[in-house]
Each structure stands twice: as C-alpha cells, then as structure tokens.
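Enquirer: Given next are the chains, with one letter for each unit.
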Amino acid sequence: MQRRLFLVGSLAAATASHMGGFRMARAQGRPGELVWADNLPGGLDPHVIFDVPMQFYMLNIYDQLYKYEGNPPELKPWLASGHTVSPDGRTWTFNLRDAKFHDGSPVTAEDVVYSFRRMLATKRGPSAAFLPVLPPEKVKAVDAKTVQFELDYAYQPFLSAMPLVCIMNPRLLKANEKDGDWGQPWLASNAAGSGPYMLDAASYKPAEALDMKRYESHFMGWTHNPRPIDIVRCRDIQETTTRVNALLRGDIDATDSYLPTDQVERVLRAKNVRVIKDETMRVMVIRMNNKKPPFDNVNFRRAMSHAFNYRGFISGVLKDYAVRNAGPIPQNLWGAPKDLKPYEYNLDLAREELAQAKAQGAPIDREIEIHIQQQLAQTTQAAQVLQQDLRKLNVNLKIAPNLWPNLVSSTAKPETTPDMWVHWVSTYFVDPENWIGQMYDSQFHGTWKASSWYKNAKVDQLLREARSSSDQAKRQALYEEASRIVVADAADIWIYNTVQIRGISARVEGYKFSPVGSGAEFRYMSLAS
Amino acid sequence: MLILIKFLRDVPAVLGAVIVLSVAALAVVAPLVASPEAVFDGNLLERLQPPSSVHLFGTDNLGRDICARVMVGSRGALLVALSVVVLAVAIGVPAGLYAGYTTSWGSELVMRITDVFLAVPQLILALAIAQLIGKGLESAMVALGLTYWPFFCRTVYAETRRVRSTLFVDALEGIGASRSRILMVHVLPNVASPVIVRATIGMGFTILTTAVLGFLGIGATPPMPDWGLAIAESREYLPDSWWAVTFPGLAILATVLGFNLLGDGLRDLVDPRLRRSR
Amino acid sequence: MTLDPPPAVLEVEELSLAIDTDEGRAGILDRASVKLAAGSIHGVVGESGCGKSTLLKAILGVLPKRSRILGGDIRLGQRSLLGLSPEAMQREVRGRAIGFIPQDPFQALNPVFRVDTQLMEPLAAHGFRPDDGLAPEDGGSMRGHLVSLLKAVQLPDAEQALRRYPHQFSGGQRQRLLIAAALACAPRIVLADEPTTALDVTTQLQILKLLHNLARQRRLSMIFVTHDFGVVAQLCDEVTVMYAGQTVESGPVRDVLDSPRHPYTRLLLACHPARQGELAGIPGSVPSALQPPSGCRFHPRCPQARLQCGAAPPSRVQVGAGREVACVLYGGAAE
Amino acid sequence: MGRFILRRMLFVVPSLLGLLVLTFVMLRVLPNDPSAALAGENATPAQIAAVRTAYGFDQPIWKQFAVYLKQVVHADLGTSIVTGRPVVADIALRLPATIELTFCALLFASAMGIPIGTLAAVWHNSVFDHAMRIVTVGGLAIAAFWFAIILQLVFSMSLDWLPLRGRISVGMPEPAPVTRLLLVDSLLAGRLGVFRDALLHLVMPALTLSLGGLASIARFTRAGVLDTLQKDFVGYAEAAGYRRSRIIWVYVLRNSVVAATTQIGLLFGALISSAVAVESIFDWPGIGSYAVKAILTSDYKAILAVTLVVGVIYAIVNIVVDIVHALLDPRVAESL
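Protein chains in written order, with my numbering: chain V, 1 to 529; chain P, 1 to 278; chain L, 1 to 335; chain H, 1 to 336.
Everything labelled a hint here was simulated from the structure, so no lab data went into it.
Given the structure is predicted, the values throughout are model-derived calculations rather than measurements.
Where a beta carbon is used, it is the ideal one built from N, C-alpha and C, also for glycine.
Any given hint might turn out to be false.
In silico lysine-lysine, DSSO-like type, Cα no more than 27 Å apart, as pairs [said to hold, decoys possible]:
hint, chain 1, residue 1, chain 2, residue 2
1, V, K178, V, K292
2, H, K70, V, K178
3, H, K63, V, K178
4, P, K6, L, K65
5, V, K358, V, K291
6, H, K63, L, K65
7, H, K231, P, K6
Listed next, with one range per pair, are the computed distances between beta-carbon atoms [unchecked claim]:
hint, chain 1, residue 1, chain 2, residue 2, range
8, H, T179, V, T146, 25 to 33 Å
9, P, L4, H, V135, 48 to 56 Å
10, L, Q206, P, R179, 14 to 22 Å
11, V, D230, H, V67, 45 to 53 Å
12, P, E173, H, S126, 19 to 27 Å
13, V, V323, H, A66, 51 to 59 Å
So these bits of chain H aren't anywhere near chain P, every CB distance computed over 10 Å [said to hold, decoys possible]:
hint, residue
14, A89
15, A111
16, R133
17, L140
18, P177
19, R219
20, R254
21, V321
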C-alpha cells in the first residue's frame with residue numbers, strides 16, 4: 001500500500017500496473033553462479049589493505065596459518081596443522097600441511113617466511129599487530145614444513161592475529177617485482193594465493209567488479225560441499241536502495257551485511273529472498289576526548305553516558321536489530337563481564353552528574369563538537385539522538401560531518417582529536433585485545449582506536465598483564481576487571497553490539513556466519529536449482 | 001508600467017514570481033508556525049510515519065515532523081542562495097568590469113583565471129573547496145560562491161566590452177569624464193540587467209547545487225532542516241517511506257522552478273533583442 | 001511545368017490595416033491605394049514610418065502576427081490576394097508571381113548558407129526541378145539558370161560567386177544577388193523596398209540603372225518604395241505619395257513633379273534639396289499611428305487646412321490623366 | 001584549420017597548468033594528510049610517520065608539486081593510495097563509461113531539446129511555449145537521484161522493461177576492449193546481444209542525466225531561434241517565397257544552433273557534475289563516482305588526476321565546439 005502511494009505521489013501511477021509483488025524476471029543470475037553484492041576491498045593486496053571488506057577477499061582467495069570459524073569465532077589450524085609455544089611465550093613454531101598455490105606449486109615454510117617478511121616490510125595493513133613484537137629476521141623456516149617465530153616479548157594475541165596474514169606465492173610476486181617493491185603494484189590487481197577460490201584478474205575493476213573461480217585442488221578439498229559454486233561474481237553496489245532492489249529483482253544473490261533496518265521489511269515481504277541476522281562482534285562507540293575539558297571530568301562523562309537514549313536508538317531506529325553493550329568488549333566475547341550494568345538513559349541522573357561537574361569547575365557551557373562519518377547514516381542518527389537530549393540539559397552539541405581518513409589523522413594528537421566522534425570497533429582479530437586492549441592501554445595513544453586518550457595506570461597494568469599471560473582464565477579475569485574500571489570511569493559511550501543483517505536469495509544454501517568475514521565464505525555455499 | 005503589463009502577460013514568469021514570493025513569505029513566517037521543538041525534537045518511536053492529520057507530510061527517520069522541517073528549510077535555502085549569488089556577484093562583477101573595460105595584461109590575466117575556474121566541473125571544485133575549509137553550510141556557500149563568480153565575470157566582461165566599443169564611452173573619456181564615473185554611471189546600468197537575470201537563475205541553480213552538496217554530505221550539517229540533506233538522509237528508506245524524500249524534493253523542485261521561470265521571464269523582458277514583439 | 005504569363009497588373013484598393021501593439025491598436029494604413037500598371041515602374045514615396053513597407057508586406061502576405069486588415073482589397077490581376085490561404089500565397093504569389101527586393105542587402109541574406117543554396121531556395125519552393133528547362137540556353141540546369149541570372153545582374157565571375165558566402169560580397173554585389181533572387185522564378189511583378197538606401201551613392205546609381213534596364217528588358221511591372229523623390233524622378237513612370245498611412249496623391253511622375261497638387265506633396269518637393277525626405281520645413285511632426293488625426297491625417301500640419309479636413313478623410317479625386325488627389329481642395333468631399 | 005586547432009591546444013596548456021596548481025595547492029594544504037589512512041587501521045604513530053616520509057608528504061609543497069608535474073609530463077598520474085594501482089589504469093577503466101553515458105545523454109538531450117526549443121520559439125507565448133518552459137525547467141530543477149529512483153521502480157522493478165543497474169548484465173562476457181565504449185566495442189566485435197544489453201543498461205542513466213541538459217538545450221535553442229526569427233533574412237526569406245517549414249527547420253535552426261553549440265559545450269561540465277549522483281544510483285562505473293570516492297577517501301592523486309582529465313576533456317570539448325562552430329558558420333571559419 002505504501003509503495004503504491006509512493007508511485008501515485010510520483011506521477012507514475014499509470015504505469016504501475018501491478019505492485020503486489022515483484023516479478024522474478026531472471027532465475028537469480030545463471031545456474032552455478034553466485035552474484036555477491038558486498039563492498040569490495042579498496043585494493044587487492046591483503047598485506048597493504050586491511051579493511052572490513054578485505055576480510056572476505058582474504059578468506060576466499062588466500063589461506064592463512066590459522067583461521068576463525070563459527071560464531072562466536074573459534075580459532076582453528078588451517079594451513080598449519082598446529083603449533084607449539086615455548087614456556088616463555090616467545091617462540092612459536094607452526095607445522096604446515098600439504099597445500100598448493102593456485103599455480104600448482106606447493107606451499108612451503110620458505111613461502112610463509114616470505115609472506116610474513118613482506119607483510120612486515122609494507123608497514124601497512126595488518127603489520128601494526130606484529131611490528132612491535134616481531135622483527136622480520138626472527139621469522140625462520142626450520143625445515144620445508146616448519147616455521148618459527150621469535151617474539152621480542154611474550155604476546156598472547158599473536159595467535160589471534162595469525163588469520164590476518166595471508167600466505168602468498170613468492171614465485172609469482174618475485175616475477176612481478178620491480179626495484180624491491182615486493183610486487184605491490186602488481187598485487188593490487190592480481191592474486192598470489194592458495195585459497196578455495198581463484199581471482200579472475202581480467203574481471204577486476206576496482207570498486208566495481210571482481211569474479212572468482214573455484215580452485216578445485218584446494219588443500220582442504222571439497223568433500224564438505226557436494227555442490228560447490230564454481231563461479232562467484234562480486235559486484236559493488238553503492239546505494240542501499242539499488243542494492244535491495246537488485247536483490248528483490250533477482251539480479252544479485254546477496255546484499256551487504258549492514259542492511260538498514262528499514263529495508264528489512266521490504267526484503268521480508270518479498271518471495272525468494274530472506275534476511276539473515278547474526279550477532280557479530282562490532283561495538284558502536286561514541287568517543288570522548290578525555291584530555292579535553294570538560295571531558296576530563298568523570299562526572300561530565302557520566303552525565304553524557306546517561307544522556308543517550310539507548311532504548312530509543314536501539315528499538316526505534318534499529319528496530320531491535322542490535323544488542324545493548326555495556327562496555328568496550330562485545331558482550332558475546334569472553335572478557336566482557338556478564339553482570340556489568342550498562343549506563344541507563346536517565347536525564348535526571350545526567351542533570352545531577354552535570355551539576356557535580358559544574359561544581360568542580362568543569363566548563364560545561366562550552367559548545368561541544370561531535371564528528372560523524374558522513375557516509376554512515378547511523379553515526380548521524382546517533383549524534384542527533386544525543387543532541388536532542390543534550391539540548392534539554394542545556395548542553396550545546398554541534399554535529400560536524402567528517403571522513404574516516406581525516407578522523408584517523410586527527411586522532412594523532414589530543415589537541416586535534418574531536419571532542420566526541422562516532423565509530424564502530426569491528427573484529428580485526430577475535431581477542432579482547434582488539435577492543436579494550438588497544439582502546440584503553442595508554443601505550444596506543446595516537447592511534448584512532450585509543451582516541452579517547454584515556455589514561456589509568458591500573459588499567460594499563462591490567463591490560464599489559466593480560467596481553468602477556470598464557471593462562472586463559474587469568475586473562476579473562478584481568479579483562480573483566482579492566483572493563484569494570486573503564487566503564488565506571490565512563491571513558492566513552494558504548495552503545496550496542498551489532499546484529500548483522502544480510503538480504504540473501506533463497507537459493508543460497510550453506511551460508512555460515514562468522515564475525516570475521518561476515519559469512520562471505522563461499523566454499524560452504526551451494527545454489528539450489 | 002508597460003513593463004509590468006508585459007510581464008503579467010508572461011504566464012510562466014508570473015507563476016515563477018508567485019512561487020518565489022511564496023517561498024520568501026514562507027521563510028519569513030515559518031518560525032512562527034513551526035516551533036523549534038517540532039523542527040528539531042523527534043520522537044524515535046514515531047519515526048517514518050506516513051502523512052496524517054497530525055504530521056501533514058509524515059515524519060522522518062528520527063520522528064521529526066517533515067512539514068515543519070520543509071517550511072523552516074526554506075530559510076536556509078534562500079539564505080544560501082542569496083549569499084552565494086551575492087558573493088559571486090561581488091567577485092565576478094568587479095572582475096568582469098575591470099577585464100572588460102581595460103585592455104591591460106591584468107584584464108587578460110583575469111579572463112585566464114576565469115577560464116581555469118570554468119574548466120573545472122563546478123561540483124568537483126566545490127567538493128574540493130569544502131574539503132579544504134571544512135564541512136558545513138558556510139563552507140558550502142563559500143565554495144559555491146567561489147565557483148560561480150566566473151559566470152558573472154564572463155557575462156559582465158562581454159557586456160562591458162560591448163558597451164565600451166559603442167561610441168559614447170570613448171566620447172565621454174574624450175571630454176574628460178573620470179573612469180570610475182563612466183563605469184558607475186554608464187557601464188554599470190547596461191550591465192545590470194544581464195546580471196540580474198543571471199543572478200535570478202543562479203539562485204535556483206544554487207539551491208539545486210546545494211541540494212546535491214547536501215546529498216553528498218558536504219553542505220548543511222545535521223540537524224539542520226536542509227532539503228538536500230533531508231533527501232540524502234531519507235533515501236535509504238525508499239520506497240516504503242516515500243514521503244521523507246518526496247516532500248523536500250518537491251520543495252526544491254518548486255523553488256528552483258520558481259527562480260528559473262522568473263529569471264527567464266526577466267530575460268525576455270530586458271533582453272533588447274527579444275523586446276520587439278513579432 | 002511551364003511558365004504562364006503572370007497577371008500584369010497589381011492593385012491595392014482602399015487598404016486599411018492596423019497592428020495591435022502593447023500600447024494599443026496602431027492604424028498603419030488608412031485606405032491606401034496603389035495601382036500598378038503593366039510594364040510601369042511605380043514609385044511609392046513618403047517619410048519613414050508612413051506605411052510604405054507595410055504596404056509591400058501586405059501585398060506579399062507577410063504581415064506581422066498581430067496585424068489586422070480592416071478593409072479594402074489587394075488584387076493581382078483579377079484575383080483577390082486577401083482571400084488566399086497562406087500556403088497559396090507562398091506557392092503562387094511570393095517569389096513566383098511577385099518578386100521581392102529587400103531594403104538592406106547586408107542583413108537580408110543568411111550568413112551561414114552559400115549563395116547558391118539561397119538562390120536555389122525560391123526555385124525549389126515553387127516546384128522547379130533541375131530539369132525543368134528554365135533556361136534552355138544555359139543547358140537547362142538550375143545552376144545554369146542561376147549563372148545566367150547573375151550575369152544578367154552584372155555580377156562578375158558568376159560561377160565562382162555561387163559557391164561563396166554572403167559576407168564575401170560587397171553591399172552592391174549583395175544587392176545584385178538579391179535582385180537576381182527576386183527574378184529567379186521569372187515573376188512579372190517586382191516589389192522593391194528602398195533597395196538602394198543602405199548603399200553608398202555611386203553604388204546606388206549603378207543599382208538604379210540596373211533595375212531600370214532589367215525592368216525594361218524583361219517588361220517587368222515594379223513597385224519601387226523610397227523616401228527620395230530624386231530616385232523617383234530618375235527611375236519611375238508613376239508615383240504615389242503617402243503620408244501617415246494614407247495615399248495622398250498619385251499620377252505620372254512628370255506631372256506630379258511638375259505640378260504637385262496635394263499640399264503635402266508640395267511641401268515635400270519644396271524640401272527636396274535636403275534629400276533626406278525629412279520634413280524640416282513643415283511645422284509640426286509626423287503623427288503617431290496609435291492616435292492618428294481624424295480625417296485627413298495631414299490636416300494638423302497643413303497650411304491650407306479647413307474645418308472639414310479633420311471631420312472625415314477626403315475621397316480621391318481625378319485631377320487629370322491618371323492623376324488622383326485625396327484632398328478637399330480639389331473637391332474630395334469628406335465621405 | 002589545422003593551425004587553429006594546434007594554436008587552441010597550445011592555448012589550453014597554461015589553463016591546465018593553472019588548474020593543476022589550483023587543485024594541488026588546495027588538496028595539499030589540507031589540514032589532514034593521507035598518511036594515517038595509508039598506514040592502515042591499526043597503525044601506530046611511528047608507522048604513520050614512516051609512511052609520511054616514504055610518500056614524501058613531509059617535503060615542502062612546491063617540491064611535491066615539482067615531482068608530481070614531472071610525473072604528469074611522463075603521462076604518469078601516480079598511484080592511487082586506496083587501490084594501490086596506477087591512477088591512469090583506474091581512470092582508463094572508468095572514463096569510457098562516463099563518456100558513453102554523457103555522450104548518449106547529450107545526444108538524447110539535443111535530439112529532444114532542439115525541436116522542443118524551436119517549436120517553443122516559433123509558437124512564442126503560446127500554451128505550448130509556456131508548458132514546455134515549465135516542463136523543461138522542471139527537468140532542470142528535479143533532483144536527479146529522485147527521478148532516477150522513480151525510473152528504477154517503474155521501469156525496472158514494476159514493468160521489468162529495463163535493467164536496474166550497471167553497464168552490462170552480470171556474467172555477460174564483455175567484448176574485447178578496443179575503445180572501451182561498450183556500444184562501439186560490441187558492434188566492432190559483431191556481438192549484437194551485448195550491444196542490445198549495453199544499450200538497455202544505458203537508457204535510464206542517460207535519460208536521467210539528459211534531463212538537465214535537455215532543459216538547457218531547449219532553453220538556449222528557444223532563445224536562439226527567437227533571436228534569429230528577428231533577423232531580416234527571415235523576413236526576407238518569407239517575402240521571397242521560401243516554404244515556412246524550410247525557413248524554420250533549415251535556415252533559422254542552423255543559425256540558432258551555432259549559438260546553441262557553445263552552450264552544449266558548456267553543458268558538458270554540468271553533465272559531469274550531475275553524473276556524480278546518477279552514476280552512484282545506477283552503479284554506472286564512471287569517473288563521477290570515482291571522483292566522489294577519491295574525495296571521500298582523500299585519495300589526492302586520484303582527485304588530481306580526475307580534475308586534470310576532466311579539464312583536458314573540457315578543453316577538447318571546447319575545441320570541438322569551436323570546430324563545429326566553424327563548420328556551421330563560414331564567418332567563424334574565416335577568422336580562424
């Protein structure tokens with residue numbers, strides 16, 4: 001009915017002969033071909049680019065020593081058959097399985113060494129997780145099937161970060177290397193992997209299209225999937241409306257996994273498509289610059305935390321497709337205290353805290369700036385929700401649209417870091433270190449993840465201890481304690497843990513979600529005919 | 001008087017004038033009709049409601065009344081359009097007068113700079129300038145003004161050259177009239193009518209470009225009731241919540257239409273070549 | 001298609017015509033009458049704005065959109081042109097039965113088309129085909145026909161000229177082109193609208209001579225509109241004097257020049273040394289067509305005006321062989 | 001003529017240089033630098049500093065510009081900091097799509113706009129004239145993305161006549177890239193199926209994009225024809241017995257189009273601007289969406305390249321317009 005009204009309002013009624021349901025014009029692409037319309041990574045070199053879309057590319061084109069599977073994600077040996085750690089937690093030894101690159105050459109320990117050194121040499125992408133602890137020369141091939149890493153100091157998240165590093169075929173890269181560039185320009189549009197799918201390099205158009213072909217000789221074999229998909233065509237669709245329309249029309253088999261909740265109903269109404277919802281590990285945060293008055297005042301920060309309409313935002317805007325998250329660690333990950341009470345939306349409490357802050361001399365009357373990411377509608381909405389309530393508290397909040405690259409560079413110094421800004425912390429690797437560790441340990445000041453400039457000696461100590469300990473139970477206790485302190489200090493405003501929503505064609509079977517890669521692992525999938 | 005009668009006979013131009021006057025009137029009375037609460041404070045549990053007797057145009061994605069926001073949005077739209085055109089005129093007209101009246105290397109330089117600015121797509125230049133001086137409506141205004149002046153400069157340049165080449169300017173200089181006086185008294189009035197026409201059409205054009213900038217996230221900032229921004233923010237909810245996009249879209253359409261029709265009408269009125277009836 | 005001899009005589013009879021302007025209705029012509037005898041060159045003389053050009057436009061049926069014919073008739077031979085459809089006017093009259101020579105040769109040719117295209121156009125518009133044998137002596141082609149026309153108007157290098165653009169010609173040459181264009185379809189009647197005004201004096205003379213010769217050679221009947229009695233004296237056989245939309249006097253050129261009857265004609269001739277046709281010597285000014293004086297439109301300025309002059313326009317009175325005057329002095333009673 | 005083109009091209013160089021200086025200074029004076037984005041999402045300050053040095057962002061601006069200029073002269077527009085590919089390669093992929101789109105939009109706009117404008121002028125102040133003015137100006141004023149979405153809903157979702165998005169059906173093998181204009185390449189390869197597919201994909205984006213151009217062309221043609229109709233040669237042509245239809249559609253139109261071509265040239269810039277929105281809605285893989293993406297990711301090499309390329313195209317279009325001008329008007333041709 002609403003749709004019909006729209007068309008009437010748009011002078012198009014005459015042609016809108018039947019709007020009851022969209023005709024399914026084509027049989028969802030071609031048989032045996034999957035059309036996947038999620039965002040493409042910025043470039044194709046997984047040692048250089050490390051963004052969320054890259055994870056799905058890495059999972060399909062490349063293999064890593066270890067890999068995450070399932071939800072909550074479990075770390076599983078992949079190219080490696082297993083590993084050992086020395087008692088001091090510094091020497092890690094991995095044994096390799098028999099695997100072949102796409103050109104048929106075997107994956108050897110030397111190739112793994114090359115891949116890690118290349119990754120470290122780019123100084124970009126995933127290297128940040130390794131550079132502080134792993135000098136390139138400390139990666140060694142013990143024999144053809146054994147690789148050894150010697151860390152500068154004990155670092156438990158090392159294993160969790162293993163899935164970030166793609167193992168590459170050095171023969172291909174060296175053939176395309178120029179002036180010691182590690183083949184970077186070449187790899188930006190090509191692949192040198194061993195993963196279950198091969199890149200059809202000729203099809204690649206940045207930010208537009210990329211086709212993959214199944215690699216039949218993948219080392220894991222295909223016995224788990226009797227009807228694997230031979231060809232996957234990935235297409236980048238920019239506008240949400242177009243994306244959903246394309247799905248409803250049968251042009252594509254899947255949308256991205258961040259479907260706006262308001263589009264969910266459209267997908268639900270249609271035949272032949274379904275909506276997949278999965279709680280992932282991605283926390284929405286409104287950052288506060290703890291070094292800038294009045295945010296240096298804990299009462300002021302608490303007042304802010306009480307002034308956000310969590311329920312209105314999660315139920316009203318997100319239609320409950322999100323889970324309230326009390327602290328920095330996703331509530332479905334270990335290390336997040338189960339009994340931690342989230343801040344509640346209560347303007348009276350906020351007023352009291354504000355009064356205290358004022359009594360302590362905090363300059364609560366100054367205009368506060370909140371930076372949003374202009375292409376991400378939710379950041380704007382969250383800022384406006386906060387703005388509405390702050391107006392009732394006579395706090396003047398100004399919204400400033402910004403862009404990710406600018407925001408990242410602005411967080412290098414406390415003076416340039418915005419008063420507040422909105423972002424998510426996604427799953428780069430599955431360990432509390434990815435969230436609380438890199439967000440609130442003051443040694444990371446100057447990176448965007450630590451942009452609240454929070455400094456608490458106790459928390460620093462807890463986090464460092466957790467990082468180097470190899471005792472899981474102990475680490476959990478340490479992270480939980482740190483969480484409680486950070487939340488009590490109201491370092492930031494944590495809003496929710498994301499539920500990913502993907503519209504998908506009913507013919508797609510075998511879809512398995514994992515927070516890493518958002519379920520875009522094609523080796524599990526098949527197409528019903 | 002005659003001009004007025006002639007104008008009144010031009011139906012589209014009158015329609016344009018009526019629209020422009022209505023929008024201007026709306027901009028004046030909007031704050032009296034729509035309270036700041038209605039414009040800025042939404043009820044999240046009443047978001048994206050279809051048009052009803054309570055919310056004439058429905059509510060937007062944060063549960064705010066679209067009717068109130070569209071009405072108040074007229075203020076911003078007119079303000080931006082006016083500022084941009086004034087800025088562009090302030091740069092373009094003196095530059096065009098200078099380049100058109102004198103024949104020094106400076107005039108050549110001015111026209112080359114104009115060419116450079118004209119060679120960049122306006123929107124891309126505006127995007128870049130907005131990047132440079134920060135986001136927000138003010139910078140969008142400056143950006144558009146800085147990209148729009150070459151059009152005025154060109155117009156004024158051509159007209160000044162034409163006027164200059166007619167005998168009377170030389171004659172006036174011959175009898176010792178000062179340059180500034182010639183410019184003010186003799187050249188400027190001749191230049192005024194094309195500039196007024198250009199400015200009127202420019203108003204509409206600016207509103208449209210601002211909407212595109214808002215659509216790209218570079219113009220107005222939330223929670224301003226900006227039309228382009230409203231469309232950008234609401235387009236995710238199409239087609240189910242059609243009203244959130246349609247009404248601000250209609251507001252842009254009507255206003256731009258109004259200015260363009262008015263501008264066309266004025267052009268027919270002042271353009272001496274079209275003045276003769278046939 | 002063969003070329004029938006077109007009717008030889010054109011007569012405008014008591015034509016009244018007004019144009020609706022923004023300021024009101026302007027009475028441009030008031031009972032204007034011109035009689036073109038076969039084979040004669042008939043001058044129509046008067047000040048600018050007296051309606052001479054409109055008279056030609058009325059004959060050709062190319063009046064401005066907002067003009068109204070209020071009365072009278074235009075006859076080509078026996079045929080009334082006012083009743084003809086616009087299509088018939090284009091097909092049978094304009095360019096075909098009546099050729100037209102415009103006033104300003106600099107503006108009349110389309111600058112972006114070659115001369116041959118434009119000269120060919122009236123031929124094509126009247127259904128001539130390249131093999132119609134327009135001029136057997138030129139090989140029968142359209143182009144040959146055009147070349148012979150250009151030779152006839154004494155344009156040098158006719159073959160080359162056809163391939164050129166209008167701006168590559170001088171004013172006099174362009175006027176020759178236009179004369180050629182007017183003669184393209186071999187009309188029996190030619191209307192010339194001040195064809196020499198825009199030219200310099202020596203060129204004027206050449207063109208006048210050319211027109212005279214052509215008219216004689218081809219036995220054309222021609223209406224020649226001008227403000228210059230001198231030109232009339234040189235070129236024309238007969239003359240009609242117009243003032244403010246009214247035809248005040250007509251007759252053989254010699255007779256009119258020697259003994260003008262109408263007070264206006266007399267004054268006009270008295271002013272002649274000024275040549276410009278400006279009535280510097282006549283008190284008062286040319287009346288506005290929006291609110292013309294009643295009766296004889298000249299009466300407010302007429303030194304011999306009488307009471308009844310303003311009451312109603314005088315009728316035309318025969319005052320000699322082929323001579324007519326519209327003035328109460330000669331018994332032209334107000335009707 | 002040849003000398004004229006050469007002179008015009010030389011004349012373009014300083015303009016382009018000015019354009020480059022303008023964009024470069026504007027981009028590099030930005031308070032942020034792209035190093036942080038380059039270094040990746042988990043980068044430490046030290047890593048960011050290393051990137052800054054590696055890319056020369058710590059050099060003085062003029063030095064950076066000199067380096068850049070040297071590259072440009074060697075037809076090297078640098079490497080995109082986002083895709084890691086040569087910018088030239090990315091633009092080579094995307095530019096033809098925009099050219100194809102804007103050309104078809106212009107073609108459509110001209111094919112519709114010129115007759116509409118002519119008729120409006122001939123029937124000046126008639127109901128048709130007024131209606132056309134309102135409709136065409138409405139076309140100018142309508143938000144392109146709004147119109148685009150309506151088109152998608154009606155012709156693609158409801159009627160299923162036209163494809164929803166993209167330049168070619170997913171999975172349709174593309175013809176061998178010769179010009180990279182799909183319509184041309186598919187014909188060269190003799191693949192009519194691809195031609196039809198590409199043409200169908202073009203309809204809605206080109207129609208949307210043509211709206212603004214259609215309005216402008218109709219308006220300028222109308223003004224031009226009105227202007228020409230006042231000319232003496234029109235009155236003469238009528239008095240000389242030309243056919244009315246020939247006068248208007250041959251003689252008047254040709255003169256009016258001379259003026260309108262200038263406008264069509266200027267329109268190109270406006271078209272590129274509106275292409276930004278149109279391309280993103282229809283997923284048209286062109287330079288407009290590329291530019292926006294470049295700006296949103298602070299990919300300054302890409303932004304510079306787009307500005308430069310668009311500037312060059314703009315210059316070429318204007319030279320072409322001058323040539324067309326000369327072909328249409330002999331007086332212009334002689335002054336060259």
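Enquirer: Hint by hint, note whether the structure agrees.
Expert: To see whether the hints hold, each was checked on the structure:
1. K178(V) to K292(V): Violated, at about 47 Å.
2. K70(H) to K178(V): Between K70(H) and K178(V) the Cα gap is close to 20 Å, so the pair holds against 27 Å.
3. K63(H) to K178(V): Roughly 25 Å separates the two Cα atoms, so the pair holds.
4. K6(P) to K65(L): Between K6(P) and K65(L) the Cα gap is close to 17 Å, so the pair holds against 27 Å.
5. K358(V) to K291(V): It holds: about 17 Å lies between the C-alpha atoms, which stays within 27 Å.
6. K63(H) to K65(L): Between K63(H) and K65(L) the Cα gap is close to 68 Å, so the pair fails against 27 Å, i.e. violated.
7. K231(H) to K6(P): holds (22 Å)
8. T179(H) to T146(V): 25 to 33 Å: violated (54 Å)
9. L4(P) to V135(H): 48 to 56 Å: Violated, at about 27 Å.
10. Q206(L) to R179(P): 14 to 22 Å: Violated, since Q206(L) and R179(P) (Cβ atoms, about 47 Å apart) do not stay within the stated range.
11. D230(V) to V67(H): 45 to 53 Å: Between D230(V) and V67(H), where Cβ atoms are some 47 Å apart, the hint holds.
12. E173(P) to S126(H): 19 to 27 Å: Because 47 Å falls outside the window, the suggested range is violated.
13. V323(V) to A66(H): 51 to 59 Å: Taking Cβ atoms as reference, V323(V) and A66(H) lie about 54 Å apart, which means the hint holds.
14. A89: holds (21 Å)
15. A111: holds (22 Å)
16. R133: Given that some Cβ of chain P is not farther than 10 Å from that of R133(H), nearest at about 5 Å, it is violated.
17. L140: Violated, since 6 Å does not exceed 10 Å.
18. P177: holds (26 Å)
19. R219: violated (7 Å)
20. R254: Given that every Cβ of chain P is farther than 10 Å from that of R254(H), nearest at about 18 Å, it holds.
21. V321: holds (13 Å)
Hint violations for this structure: numbers 1, 6, 8, 9, 10, 12, 16, 17 and 19, all remaining hints satisfied.
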